Amino acid sequence: MNDLLILLPDFETLLETKRFSELTSSEQSTILKFMPIEQYEAMRINTAKISKAFSMEDDYLLPDKNLKDDLLIHFNKKKENATVLTNRILFLLLGFKIPAYQAVIVFLALLFLLNKPHITEVTKILPVSRTDTIFVEKIANSPVSALQNQYIKKHIPYSHIKKSPSAVLNQNYPLLANIITHYQSEKTGRTVESDPNLYWQLVSTQFEGN
Amino acid sequence: MQFLKPDYKKLSDEDLMAMLLKKNQLAFEELYLRYSKKLFSYFYRMLNRNKDKAKDFLHDLFLKIIEKPQLFDPARSFSPWFYSLAFNMCKNEYKKIKIRDDYSASYASSVNSTDKFIDDDLDLNSFIRELYLHLEDVDNDHRSAFLLRYGNNLSIKEIAETMDCPEGTVKSRLYYTIKYLSDKLTIYKPEKNI
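Residue numbers (our numbering), protein chains in the order written: chain A, 134 to 343; chain B, 725 to 918.
Calculated from the structure, these hints are not laboratory results. Owing to the predicted nature of the structure, the values given are computational and were not obtained by experimental measurement. From the three backbone atoms N, C-alpha and C, an ideal C-beta is built for every residue, glycine too. Be aware that one or more of the hints could be misleading.
[To be verified] Covered, in the sense of this in silico footprint (three residues per stretch, anywhere, with C-beta under 8 Å from a C-beta of chain A), are these stretches of chain B:
#, region
1, 743-754
2, 787-799
3, 847-859
Just chain A, with the same shape it has in the complex (with noise of 0.2 Å):
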C-alpha cells in the first residue's frame, strides 16, 4: 500500500469531503510530504466531476425495456417447467392402476409397520468387571472338621472296637451274642411272627448297652 494510505487510510473521504485549506494541520502536513496542493485540489475537484458526470450520465441510461420482458417470460417458463414436472409425477401416481385386493394389502401392511410398536434402543453403560488379579483358593484343612471328625468318633457307639466283631458281641453283649450263637445253630430260619420270643429277645437286647 501507498505510503500516504497507511499515514491517512481515509484519504479518498478526505478527497470527497474536504478542501486542502479544511483539512487538520496534521493532515495537511502529511499530504504536503506527498503531493502538493495543487495536487490534491486537482485530485478533489476532478473526482467531484466525474461523480456528477457518472450520476448525469445514469439519467440516460436505461436497459431496454423488452429485457425485463423477456426475463419474465424465461421466469414463468421456468416455473411452468417445474409445475408441470410436479403435475407429471402425481398424475403418473394417480394413474396408476392396481388391483384391489393388492392395495388392501399394502393399506394392511402400512398399518401394521405404523402400529408396530416402538423399540427403544437405550444404551446403558454398565461398568466392566476386568480381571486384573487371579485370587488361587485353596481349601485348607480345618481344625474345625478335624475337631468334627473327634466329636464323631466319640459318638459313634463301638468304634473304638479294634476286636472281631464276634469278641466284641462275646465281651460287651453276652445276651445278645446267646441268641444270635442259639439261633445260627438252628437250621431253620425263624422270623418275629413267627416267634414272639424272639420279638421279645432282640427288644430286650437294645437295652443291654444302654
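Dock chain B against chain A, hints included.
For chain B alone, kept in the frame of chain A given last:
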C-alpha cells in the same frame, strides 16, 4: 390483506432472494427494479460503453438468478454477491476478447450514440469523453473498483466484498486511479464553485 401480500418494496434483497427461490415472480420483479439500472450502467462502462453488450450481459446476469437462485448464499449480502457476478462476467469477457484492441473501433460508434445527454454541457461532454478514454488505460481491477465507487456508489467494504480483496487494496486502487486520471484530466481546469 397486508399479511397475505407483503410490501415488496420494504423487503430486503436477501428476503426477495429467498422468495425468488420459491419462484415468486413479484420478488424477481422487485430485484430487477432495484438492480437493473445500476448494473446496466456498470456493464456499459466496463464494456467500453457498448450498449448492446451491456444489455446482453444484464440479461445473462438476471438469467443466472432465475436459473440458479440457490447459488446465492443467504449468509452473505446480496448486493456485493450480485456485483461480484457482474465483475466476473466482465473479467471473463476481457479474457475472451482482446478488448483493448477493439476499443478504437467500438469507441467511435458507441460514444456518438449515447452522449446526447450532455449536449447542453459541452464542458462535461468533453470531460466524460476524455475520462472514458483514459479509463481504458487503467488496469481492469483498478477500473472496476473506480467504477463501483464513483459510478455505482458502493462503499469500500462492499467493493472489497465484490472484488474479493482487502479494503486496503480497494483504497489503494482508488487512490492510484484517481491520481492517474487527475493527472490526465488536468486540462479541464476545475470550476471554482465545485
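Status of each hint after checking the structure:
For the region 743-754 of chain B, the assignment as covered by chain A holds, since 4 residues bring a beta-carbon within under 8 Å of that chain's beta-carbons and 3 suffice. Interface restraint, the region 787-799 of chain B with chain A: holds (3 residues with C-beta to C-beta distance below 8 Å; minimum three). With 4 residues having a beta carbon nearer than 8 Å to a beta carbon of chain A, the region 847-859 of chain B meets the requirement of three or more and the stated coverage holds.
Hint violations for this structure: none, all hints satisfied.
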